[in-house]
Amino acid sequence: MTHIPGIAFQILQSMFVVLAAPLLVGWVNQCRAWLQNRSAPSILLPYYTLAKLFHKDAVIARNASPLFHLTPYVLFGCMWLAAGIVPVLATDLPFAPAADIIALVGVFALARVFSALAAMDIGTSFGGMGARREMLIGFLAEPAMLMTLFTAAFISGSTQLTTIVETLAHREFAIYPSLAFAAVAFLMVLLAENARIPIDNPTTHLELTMIHEATILEYSARHLALIEWAMAIKLFAYMTIGIALFLPWGIAEAGNWAALPLAFAALAVKLVLAGAGLALIETVLAKLRLFLAPEFLSTAFLLAVLGMLTHFLLLT
Amino acid sequence: MSQSISSQLVNLLAAFLLLLAFAMLSQRRILTLIRLFAWQGAALAVSTAIVAWSTGQTHLYFSVALTLLLKVILIPWVLHRLIDRLFVRWDVETLINIPATMLIGIGLVIFAFALAAPISQMANTLTRSTLGIAMASVLLSFLMMIVRRKAVPQVIGFLAMENGLFFAATSATYGMPLVVELGVALDVLVGTFIFGIFFFHIREQFDSLDIRHMEKLKED
Amino acid sequence: MISLEVISSPLTGSLLAVVSWLAISALALIPAGNAFLARRLAFPLSALAGLALAAFGLQAIWLAPQQMTLPLGLPDLPFHLRVDPLAGFFLMLLGSVSAGISVYAGGYFRNETSERLILIGLQYHVFLASMAFVILADDAYLFMVAWETMALSSYFLVTTDHKLPAIRSAGFLYLLIAHLGAIAILLCFGVMHGGHGDYSFDALRAAELTPLWANVAFLLAFFGFGAKAGMIPLHAWLPEAHPAAPSPVSALMSGIMLKTAIYGMVRVIYDLIGNVRWEWGMVVLAVGAGTTLFGVLYALMQHDLKRLLAYHSVENIGIILLGLGMSMVFIGFGHPAAGTLGMIAALYHTLNHAVFKGLLFLGAGSILHSTGLRNLNDMGGLIRVMPKTAFYFLIGALAISALPPLNGFVSEWLTFQAALQAPILQNGVVRSLLPLFAATLALAGALTAMCFVKVYGIAFLGQPRSPHHPVSAPGAGHDAGGMERYGMAWLAAGCFVLGLFPSSFLLMLNRVCASLTGQSLTADALTGSSWLWLVPTSSEQASYSPVIFLVVIVAVTLLTFLLVRRFYHGRVRLSDPWDCGFPEQTSRMQDTADAFGQPIRHVFGPIYLMQRQMPAPDDPAPRFSLKIEDRHWYWVYLPVARLAEYASSKIALLQQGRISIYLLYSFLTLIALLVFVR
Amino acid sequence: MEIALVLGVPLFGGLLLALVGHKRWAPELNALMSLVSLAAAALLTVRVIADGPMTAMEEQFFVDPFNVFLVALTALVAFTTALFSRPYMRIEQHHGRVNTARLRLYHSMYQLFTFMMLLCLLSNNVGVLWVAMEGATLTTVLLVSLYRTPASLEAAWKYFILCSVGIAQALFGTILLYFAAEKVLGPGGTSLLWTHLYEVRYQLEPTVLSLAFVFLLVGFGTKVGLVPLHNWLPDAHAEGPTPISAVLSGLLLNVALYAVVRSKVLVDGALGRNFSGGLMMGFGLLSVVVAAFFLSRQKDIKRMFAYSSVEHMGIMTFAFGMGGPVAAFAGLLHMTVHSLTKSAIFFTVGHASQKTGTQNMADIRGLIEQSPAIGWGLALGSIAILGMPPFGVFTSEFMVLTTAMHEHPWATPFLLIALGVAFAAIFGKVQPMVFGETTAHRLPHPPALIPVFVHLGIVLMLGLYIPPYLVSWYRQAAALIG
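Residue numbers (this note's numbering), protein chains in the order written: chain A, 1 to 316; chain B, 1001 to 1220; chain C, 2001 to 2678; chain D, 3001 to 3482.
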């Protein structure tokens, strides 16, 4: 029963992530608006949108199968699980060993497969196109992500995210060149996986370029709300993973409840900076043509592999 | 007659046999070929008789009688009849020209002698040096079968080979046991008849006894 | 007097189960074969025998090896039988998976005529029994007999529909490659034997090989078994033969028969040759990686469902080889514990692949049976015609895509964990290569997911693509029948059980592999693993709990659902699809299977040998056709065939038809021999 | 007594059928005579099992474990082939390919051929063995040309010439053998008796024996069908009536090989080194490889299986050449299974080509559809002959290969490549004949297929289980010749 505070904390932390995720999206949008010289919407706009969507009646195509109805909930469930595993504030997460980094990638893959299947369910031309492109991004991003995580795993000798973070954060300071490669690769994967420029543009529905949006075209109301929310959680989760791997300093150790406020503050600062950085990237870069996306992602994959090799080369 | 004289006689006949083998190899005319074959049989019979007489191997007289009957009289006669019936009097064609064949034949004779030399040393019969000649005449008949184009000379080649074998049997070992001799003779006889039947069939099918007509079954 | 104890010992027990298979096959020979009886009696009975076999196999894993000889076989080499943990594991695989497939087969063959059913029943059960004998065999002769009988019976099953030329040529190719592989295996046994005159496995085990001969034996075994397993470039038969066979047979072949090749590889390399070398591991890894990538990339290009599944079998064999290769590398460098982990991963994947690939082939069979379709481009919307099949197929698809919490993920996870042991190796090059092989695995996993999104999305989801489609004609098309569904349900349950409770299987496999490598997993792993937690090395390094994983997702999904209902509403309005407001929608505007693979063709273009026909811009009825061929045909198979043909055309010159020439041969032979004697 | 019966029945049968062979019931009589010889052979076998080896008629005949099993096999195959030839020849007559006169010749010669084979096997006199071997050629040569077509005449002519010339070399070898034996045993009848030769084999003059063996090998090897002396074999098999192809492949080749092996025993004894083995292995290997490559070019079904016989005779020659108890055992087993399987194949092939009216494989299709028994018989027979388990051919090939692998590892790649090529060739051609849409018609007489399945059944059994008495039999024979 010594785990009870830990379990409680883990549930609370995941609740925190789920609730705070739209705020991060709001912040990124606000920054972007500033950078683009637009007047920014409220940082709370994502919450309003979600509330509005939840209230509406759902419109669903006649030939939708049960899979179509189920998918938004599954997506939401997957993202919640991911949010529960990633050490955001502290590494004392009793359930975190249930899914290590490989399983984490698996969770994202599960979500992606379901969203792609749902996209094909209605049988529209855009749905199929979206599913195809989504899986194209996925098959390149997923191994790149795994390799990135493996680099960290080799450094710490563990595939548990909590252990990795504890090792990186609380060991004596060392510079790992391999992690530099991994960080760049991870950033590229993050952009691709979260439907950001230069791979995708979440704000438009341009038929020739859209990827993620094409998969959710047929959703509306509460289903759409759940998907949007899940996407927000995903962005948050990715950012916290990145922070945990590459900027872990300040995170609270197991049992050290006193460090929590500091950890919270550190997280807030890092997220604000990361969000702004994301907005900056999205403003500065142009969207790539679709067929350059594989190139972009294979670069990420190669960088990740290079990082891993660097690790072994420098070790010998 | 002393051992040495009979041995010399046998050697003489052996040389005659070899000479006949060469003559057959170089012979272009089919009727002469048959005649030569009969002569060869006669030489064989005489030499067997000499061996039988000088060594007292009485069963060899059966062999002499068989040879005379079969190879000197019956088979040449049958072949003559066949040729008459089948109108194949033309000259014998060969695949390689005759001088070349002769050269190869000489090579064969040397080879056979070389091969037989160590064995002849062991023989204690009076005719031991003839084993090489027997082998040479077998090989020469073989060569003849290879180079002839028509069915009849090929068969004569085969029969000549049998002559060589018989000669080997008598010269090297004073003849095989009687039952074997009889069996072989029976085989030769039946074989000749079957050859005869074949000539008719072939002639009927192909209008000729040229074995070049019989080159259809092959891999392509 | 046979006591109960004897019957319940694993060896006699499994022998009885196998003999009952043979008895069932003999039943089929009784002329008054009633088709109904055959289906309703023979196949369920064989499923029961399969379950019994699985139980005995399971028992054997925990017991000491048992041996016996049968009074059959060669005079000096009676049939030796043996079960040890490894054999027990594979017997369990064979029994349990075949049980599901047999039940399914009872339903699937409902439209067959009596005569055909008799033949199928005969061959089917001989096939099962021969696979069991491959596993039970403890001498080279029985092994070869069982191995070739297996090939032969499956060949006849493949050519059940022999009137189609494509099926005939598929069968021929299959049997030819199988036979070439068998020749290599035979040679391998001969090499291992090393001159003691005894071909029992005990003797082969005891034989000491020089390194050179050990290498030769390894290569021969790898080639021979690889031909059966379908590793590149010997895989060519697989995508031909699996679609040709009736679906339960494809399931058996892909699910179980390929695994006997893995069994053979493990048996020969680890057990009989022994002294595993790390170089062998690198060979296996390289081939495995190639096979994995090649298999999945070609699978993505297929539009024939069963062909696609067959290419996925190639891929999965590659994954298994990756695990095996890693284990060989670790053992070769003197880390048997890590070697055990790699082997566990490989064997776990072997079992998993048997279950989910069996399930997928059965699902494909139900589609074929119900709609007569195998071409994905004609399918669509089947989830509405056959919802139950769609459900089972989805489970299989998720499992093969290595998605948690199903079983495919567990074994890939274990393979990754094995690769992550790389830092303990001394050799720097090998150490940095292992993670690269893990990267191939990651890539292949993601591509598989893509492929199965394609399969499921195009076959079951969307709208019917062909006008002849049963969905278009109301009343036509039907869901799988009762027995078919039970069979699929059994395997689908297997996907869940293997996925959710991996640690019990881990402990079981630990015993199997430790019996070969001589070293079990670390103590941490053994104490740390419980029904809830899967711990391959130590709980600090890695752990996974699929149950928690599933519970959380299900709980959150349900909770969200209830909350959304509770706080908002569940009102739904049905309408036409929106599709970005696109005005006119026809089902031909959907992605086809070929279209779905287009990005892959773009990225991996050079790998494929493509022939494309683009329609002209002004074509009123545009058709796009695409043909993708396997490059191995041009690289390997055709040159070999041409070489053989060339040789035979040269040798044919011997036989000119001229009697003089023939006489000359005799003459020259004689002369040559005489010269030789001199 | 039994020996006299075994030899007397077919001789009598041959003479009898020469008189009545044209009658309507002649085929039945033919089968009956073969059955009686089989019974006599069985009696003889029982006697030999009970009393051990024996000689008879002033030692002119003898029975030992080696030849008694071949006698039994020969009688069996002769009987089953007679059963097969009963409907086969009737159908041929129905199709107008043979008339009654030729049927009389056929039946008479069939029995005489059986007699010659048995005489070869049972004769203790090496000279008589030669006579009987030539007699076998003489009895079959007119059967090969039974149809009197140009092709069959050509085939028979080649068969006759090549085999006669070949066998003449064997006679020379026999003379040389006698020449050597005479030194030890003295002139007269006993010097050619195998039992005596066997006893003195260590004293025979090695130079002469090695020379003799060359002639014997070339001579009898021609009849065995060893490459490059094999050229008569495919032609004769393809053009003669199928029962004759079956007995040529199933019996004649075996008996010729028997003669070679007998010679080998003497030569090995005299030379004290494995001179003959090396030659036989070389010829065997050459035959296997060359025949395998020939297989893929065949269009005629009987010709193809004739080449397959060449290949298998090569395997046996190789096995006997290797020597040693295992290899000799394997060679004997292979003789048995090959002659059973190959004759079974020829039975099905005969009916298949009657059904489709052609021997051209491209025109034979879908046998399994029109008559499942023929189709399955051909498919299973081909699979068996290709050395797939669980058939007995695999058993012997397994033993040959495994022995070769540790005694002559260099040879195994050749053997294996040949086996692979042969598999691809034969199976690739048999499969479309068996499967697919049918081109076959019904036959005027019901085909005889029981022999096929009896043969295949025995072969299957030998693949899984070799009865103990057979094992001890083979072992004794192997000890004799190994």
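These are computed hints drawn from the structure, not numbers from a lab. Treat the hints with care, since some could be wrong.
Capping the alpha-carbon separation at 30 Å, the derived lysine-lysine pairs in DSSO-like fashion look like this [said to hold, decoys possible]:
| id | chain 1 | residue 1 | chain 2 | residue 2 |
| --- | --- | --- | --- | --- |
| 1 | D | Lys3429 | C | Lys2627 |
| 2 | A | Lys270 | A | Lys287 |
| 3 | C | Lys2650 | B | Lys1218 |
| 4 | C | Lys2163 | D | Lys3023 |
| 5 | C | Lys2650 | B | Lys1216 |
| 6 | D | Lys3023 | B | Lys1216 |
| 7 | D | Lys3429 | D | Lys3299 |
| 8 | D | Lys3299 | B | Lys1218 |
| 9 | B | Lys1218 | D | Lys3023 |
| 10 | B | Lys1150 | B | Lys1218 |
| 11 | C | Lys2627 | B | Lys1150 |
| 12 | D | Lys3299 | C | Lys2650 |
| 13 | B | Lys1216 | B | Lys1150 |
| 14 | C | Lys2627 | C | Lys2163 |
| 15 | D | Lys3429 | B | Lys1216 |
| 16 | C | Lys2163 | D | Lys3183 |
| 17 | C | Lys2650 | D | Lys3023 |
Derived Cβ-Cβ restraints for the label pairs, each shown as a range [unchecked claim]:
| id | chain 1 | residue 1 | chain 2 | residue 2 | range |
| --- | --- | --- | --- | --- | --- |
| 18 | A | Pro41 | C | Asp2576 | 45 to 55 Å |
| 19 | C | Val2636 | A | Ile11 | 53 to 63 Å |
| 20 | D | Pro3372 | C | Pro2165 | 43 to 53 Å |
| 21 | C | Val2677 | B | Ala1015 | 25 to 35 Å |
| 22 | D | Arg3024 | B | Ala1065 | 56 to 66 Å |
| 23 | D | Ala3039 | B | Arg1081 | 19 to 29 Å |
| 24 | C | Glu2279 | D | His3406 | 19 to 29 Å |
Derived contacts from chain A toward chain C, CB cut-off under 7 Å, selection only [what the hints assert, rightly or not]:
| id | residue |
| --- | --- |
| 25 | Leu50 |
| 26 | Ile60 |
| 27 | Asp100 |
| 28 | Phe108 |
| 29 | Thr163 |
| 30 | Glu253 |
Ideal placement from N, C-alpha and C gives every residue a C-beta, glycine not left out.
Evaluated hints:
no.	hint	verdict
1	D:Lys3429 to C:Lys2627	holds (28 Å)
2	A:Lys270 to A:Lys287	holds (26 Å)
3	C:Lys2650 to B:Lys1218	holds (13 Å)
4	C:Lys2163 to D:Lys3023	violated (44 Å)
5	C:Lys2650 to B:Lys1216	holds (19 Å)
6	D:Lys3023 to B:Lys1216	violated (35 Å)
7	D:Lys3429 to D:Lys3299	holds (9 Å)
8	D:Lys3299 to B:Lys1218	holds (11 Å)
9	B:Lys1218 to D:Lys3023	violated (37 Å)
10	B:Lys1150 to B:Lys1218	holds (19 Å)
11	C:Lys2627 to B:Lys1150	violated (60 Å)
12	D:Lys3299 to C:Lys2650	holds (17 Å)
13	B:Lys1216 to B:Lys1150	holds (16 Å)
14	C:Lys2627 to C:Lys2163	holds (24 Å)
15	D:Lys3429 to B:Lys1216	holds (23 Å)
16	C:Lys2163 to D:Lys3183	violated (69 Å)
17	C:Lys2650 to D:Lys3023	violated (49 Å)
18	A:Pro41 to C:Asp2576: 45 to 55 Å	violated (32 Å)
19	C:Val2636 to A:Ile11: 53 to 63 Å	holds (58 Å)
20	D:Pro3372 to C:Pro2165: 43 to 53 Å	violated (20 Å)
21	C:Val2677 to B:Ala1015: 25 to 35 Å	holds (26 Å)
22	D:Arg3024 to B:Ala1065: 56 to 66 Å	violated (45 Å)
23	D:Ala3039 to B:Arg1081: 19 to 29 Å	violated (45 Å)
24	C:Glu2279 to D:His3406: 19 to 29 Å	holds (25 Å)
25	Leu50	violated (11 Å)
26	Ile60	holds (6 Å)
27	Asp100	holds (5 Å)
28	Phe108	violated (10 Å)
29	Thr163	holds (6 Å)
30	Glu253	violated (15 Å)
This entry does not satisfy hints 4, 6, 9, 11, 16, 17, 18, 20, 22, 23, 25, 28, 30, going by the numbered hints stated previously.
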